[in-house]
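Single-letter residue listing:
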Amino acid sequence: MLVLHRKNGESIMIGNKIEIKILEVGEGKVKVGIEAPRDISILRREVYLEIIEENKKASEFEKDSLALIKKGE
Amino acid sequence: MNVKTRYFGEIDVSDEDVIRFPEGILGFPDSRNFALIRVEENPYLMALQDIDNEHLSFLVIRPWDFFEDYEADINDGDLKQIGITGETMGSFTLYTIITIGKTMSDSTANLVAPIVINHENKTGRQFVLDPSTYGTKHLLQPERAGD
Chain A
1 MLVLHRKNGE
11 SIMIGNKIEI
21 KILEVGEGKV
31 KVGIEAPRDI
41 SILRREVYLE
51 IIEENKKASE
61 FEKDSLALIK
71 KGE
Chain B
1 MNVKTRYFGE
11 IDVSDEDVIR
21 FPEGILGFPD
31 SRNFALIRVE
41 ENPYLMALQD
51 IDNEHLSFLV
61 IRPWDFFEDY
71 EADINDGDLK
81 QIGITGETMG
91 SFTLYTIITI
101 GKTMSDSTAN
111 LVAPIVINHE
121 NKTGRQFVLD
131 PSTYGTKHLL
141 QPERAGD
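For the protein sequence lines, the chains are A and B, in the order given. Quick note on numbering: our numbering labels position 57 of the first sequence as 57, and the sequence is numbered without any gaps. Quick note on numbering: our numbering labels position 97 of the second sequence as 97, and the sequence is numbered without any gaps.
No wet-lab data here; the hints were simulated from the structure. Note that the structure is predicted; figures quoted are calculated from it, not measured. The beta-carbon is built from N, C-alpha and C at its ideal position, and this holds for glycine as well. Don't take every hint at face value.
Claimed, not checked - Derived pair list, reagent style DSS-like, types lysine-lysine, alpha-carbon separation capped at 27 Å:
1. B:122 x A:57
2. B:137 x A:21
3. B:102 x B:80
Claimed, not checked - Non-contacting residues of chain A with respect to chain B, defined by C-beta distances greater than 10 Å in every case (computed):
4. 2
5. 7
6. 8
7. 9
8. 12
9. 16
10. 25
11. 26
12. 28
13. 31
14. 43
15. 50
16. 51
17. 52
18. 54
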């Protein structure tokens with residue numbers, strides 16, 4: 001992993017279209033601003049991993065279960 | 001073309017019925033070609049079947065069948081990625097993936113990551129609503145007081 005030191009207000013460019021800017025350094029927390037083309041999805045890693053995990057679980061169903069789902073009343 | 005599926009037997013999918021997911025589905029980046037098929041056993045379910053991998057399919061619902069007040073706020077820029085603009089607003093469908101448990105009462109819908117399919121250009125994408133009050137596991141059958 002490439003490791004860089006940055007100060008408040010400084011940025012990192014990834015390629016020529018993605019900019020990651022340090023907006024604020026607080027106690028145990030940094031605020032980061034990201035500019036990237038719209039077709040690049042930007043997610044907090046924990047959200048990303050949670051959805052991957054749920055998608056994997058969702059793909060493992062039994063055929064017998066298909067009749068289980070009834071419309072809510 | 002005939003497509004073998006693990007759960008739905010052999011199905012006939014014509015080229016124009018193939019829905020492309022340029023980004024895949026989260027966690028399945030290489031799964032890019034799907035068919036949306038009806039589930040005979042159940043009118044509320046559709047299956048999104050990977051036509052290149054018989055073992056991979058997702059069950060999807062129209063969330064409003066189960067969650068009347070569901071709101072998915074996807075901005076115009078994101079919708080444009082799959083070719084949805086003001087003019088073609090009428091020709092897309094939003095689904096959410098469900099995870100089936102042992103019974104209906106532990107089956108859930110992933111409301112935070114809906115799938116939108118543009119039927120005009122046969123392109124789909126899984127979006128993540130962030131920030132959102134929704135999560136990945138909403139019970140399809142609301143718990144009732146006193147049960």
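Tell me, which hint numbers fail for this structure?
-> The structure conflicts with hints 2, 3, 14, 15, 16, 17 and 18, although it agrees with all the remaining ones.
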